[in-house]
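Q: In case it helps, our numbering puts the sequence shown at residues -2 to 215.
Derived by calculation from the structure, the hints in this document are not laboratory data.
Please note that the accuracy of each hint is not assured.
Quick list of in silico lysine-lysine cross-link-like pairs, BS3-like style, CA-CA up to 25 Å [as the list claims (entries may be wrong)]: (1) 208 to 80; (2) 80 to 168; (3) 168 to 129; (4) 186 to 82; (5) 82 to 181; (6) 181 to 129; (7) 122 to 186; (8) 157 to 168; (9) 181 to 138; (10) 129 to 203; (11) 129 to 82; (12) 81 to 168; (13) 122 to 82; (14) 157 to 129; (15) 203 to 157; (16) 168 to 186; (17) 138 to 203; (18) 168 to 181; (19) 129 to 81; (20) 129 to 186; (21) 122 to 157; (22) 81 to 203; (23) 157 to 80; (24) 203 to 181; (25) 122 to 168.
Estimated spans, in silico, between C-beta atoms of each pair [said to hold, decoys possible]: (26) 109 to 208: 48 to 54 Å; (27) 81 to 136: 17 to 23 Å; (28) 203 to 110: 45 to 51 Å.
Virtual Cβ for every residue (Gly too), placed ideally from N, Cα, C.
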Amino acid sequence: MKKPYEHMSPSLALKICRKYSYTIKKFTLIIYLFFVFLFIWNDFSSHHVKNINKYGINNELYQQNIETRYERILTENDEHPWKKKFSSVVNTSQNNPSNSKDLVSNNLSTEEIEMINELSTNLSKLWEDMIKNTEEEYNNKTDHMDHKWRDDMWNNQWGKYLDAAHDHINKHLNSYNSSENYKKDITYKWIQWAGEDVEVFVNALKQEWDKNNNNENE
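Given these sequences and hints, build the entire structure.
A: What follows is the structure, given as structure tokens:
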């Protein structure tokens, strides 16, 4: 017996695909977020969990090892993009006369320049507040874990996600092809997503910590 969709015409298949598909922008964001999480999780599982299994959670050798790495990570993270304020190309051009031609070529009015600079300032404040709140929540929910280890996870693993989110916000902020309303909407959403997605990371972290802690006690 032939299946009803076996001889479906290409045009009908295309209509069905279009009917149940997301827009290109939404699909791209979903795929991007998926791969960011996948990258973070693979690196976390393959490297840091192996260290726990190798040395043991309460083993002095592991503590010395991670303390040395953590000091290096703190130094490196001083350069992490997610720890910096957002900066618009407009603001940079105003401070650097050599870039003033960028303003002329894009015909930005004084009002538009002020709006972009104001948005940049507001985004920096929202981002800093989000980081502060999520880090406090993260520390509370991981307080039972080794603190140097969990701080390593925040800076070296979750930091990769924050770097990516920070980069996207900066790109949208400095896009000359987007309206001010769109810039405000999409950048605020990225900050909202970053604040919400940390819960997924915390839950995954708890599962791995509990699993390896149980293995140590067996």
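Q: Are the hints correct? Go through all of them and say.
A: Tested hints:
{"no.": "1", "hint": "208 to 80", "result": "violated (32 Å)"}
{"no.": "2", "hint": "80 to 168", "result": "holds (16 Å)"}
{"no.": "3", "hint": "168 to 129", "result": "holds (23 Å)"}
{"no.": "4", "hint": "186 to 82", "result": "holds (17 Å)"}
{"no.": "5", "hint": "82 to 181", "result": "holds (16 Å)"}
{"no.": "6", "hint": "181 to 129", "result": "holds (21 Å)"}
{"no.": "7", "hint": "122 to 186", "result": "holds (15 Å)"}
{"no.": "8", "hint": "157 to 168", "result": "holds (17 Å)"}
{"no.": "9", "hint": "181 to 138", "result": "violated (31 Å)"}
{"no.": "10", "hint": "129 to 203", "result": "holds (21 Å)"}
{"no.": "11", "hint": "129 to 82", "result": "holds (14 Å)"}
{"no.": "12", "hint": "81 to 168", "result": "holds (14 Å)"}
{"no.": "13", "hint": "122 to 82", "result": "holds (8 Å)"}
{"no.": "14", "hint": "157 to 129", "result": "holds (17 Å)"}
{"no.": "15", "hint": "203 to 157", "result": "holds (19 Å)"}
{"no.": "16", "hint": "168 to 186", "result": "holds (14 Å)"}
{"no.": "17", "hint": "138 to 203", "result": "holds (9 Å)"}
{"no.": "18", "hint": "168 to 181", "result": "holds (12 Å)"}
{"no.": "19", "hint": "129 to 81", "result": "holds (13 Å)"}
{"no.": "20", "hint": "129 to 186", "result": "holds (17 Å)"}
{"no.": "21", "hint": "122 to 157", "result": "holds (20 Å)"}
{"no.": "22", "hint": "81 to 203", "result": "violated (29 Å)"}
{"no.": "23", "hint": "157 to 80", "result": "holds (12 Å)"}
{"no.": "24", "hint": "203 to 181", "result": "violated (34 Å)"}
{"no.": "25", "hint": "122 to 168", "result": "holds (18 Å)"}
{"no.": "26", "hint": "109 to 208: 48 to 54 Å", "result": "holds (53 Å)"}
{"no.": "27", "hint": "81 to 136: 17 to 23 Å", "result": "holds (22 Å)"}
{"no.": "28", "hint": "203 to 110: 45 to 51 Å", "result": "holds (46 Å)"}
When held up to the earlier numbered hints, the structure conflicts with 1, 9, 22 and 24 and fits the remainder.
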